[in-house]
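**Q** Turn these sequences into a full structure, and let the hints guide you.
One-letter residues, chain by chain:
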Amino acid sequence: AQTVTQSQPEMSVQEAETVTLSCTYDTSENNYYLFWYKQPPSRQMILVIRQEAYKQQNATENRFSVNFQKAAKSFSLKISDSQLGDTAMYFCAYVIQGAQKLVFGQGTRLTINP
Amino acid sequence: ETGVTQTPRHLVMGMTNKKSLKCEQHLGHNAMYWYKQSAKKPLELMFVYNFKEQTENNSVPSRFSPECPNSSHLFLHLHTLQPEDSALYLCASSQEGWLGANVLTFGAGSRLTVL
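Quick note, the sequences are listed as chains C and U, same order.
Numbers 1 to 114, taken from our numbering, label the letters of the first sequence in order.
Numbers 1 to 115, taken from our numbering, label the letters of the second sequence in order.
Don't take every hint at face value.
[Stated by the list, open to error] Straight line, CA to CA, 27 Å or less: simulated DSS-like cross-link-like pairs of lysine-lysine:
#	chain 1	residue 1	chain 2	residue 2
1	U	K41	C	K78
2	C	K101	U	K52
3	C	K101	U	K36
4	U	K41	U	K19
5	U	K40	U	K22
These aren't lab readings, by the way, just hints derived from the structure by calculation.
**A** Okay, structure coming up:
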């Protein structure tokens, strides 16, 4: 069965610091996608970043970047120059290419302190 | 309005009530989803509709009844629920029903409390 594990239930950093959220996943598939979603207090899940498993280059979106280690089945999210608005639940998710079911981790609650 | 809109934002109901959750997307997408988000559990996929046809039912109890009259609207009809059904119900849509190249866009959810 495909599973996604986020080992850090909660994290807290100071504004402007860099923080890394961990995610590991388990799959026997070769073609898949990985995602990080953010859920702020407004509750709406927002896509932060997407990684295609066949691409070796790590995805980057402004202050957000990933460290994708396919052999280790690891997909961590790095947030640089963290801002108060980054305070949210962060969910790692996985989907087999072409499937309908996105498998989510349990989430990491990130708090950015002023 | 743009994006994915869910109503109501909050709902409190008794175990014998019948209520419905509504989701509407203004993105021109063809696939719509219901997810359940409970405390301390990963998001659980409930139903998927692709071009108005139900293509996934993730072993959801029959007290939850989905309806997708067109590609823009999705309902979740609720009847004789249990207190353990209290959760945040998230609606999502995607351009088409196969994910990866297509990504999910979520609504803000309906917070359901069953007394």
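**Q** Are the hints correct? Go through all of them and say.
**A** The hints, checked one at a time:
1. U:K41 - C:K78: With Cα atoms ~24 Å apart, U:K41 and C:K78 stay inside 27 Å; holds.
2. C:K101 - U:K52: 17 Å, holds
3. C:K101 - U:K36: With a Cα-Cα distance of about 13 Å, the restraint between C:K101 and U:K36 holds, given a limit of 27 Å.
4. U:K41 - U:K19: Roughly 24 Å between the alpha carbons, so the hint for U:K41 and U:K19 holds.
5. U:K40 - U:K22: 25 Å, holds
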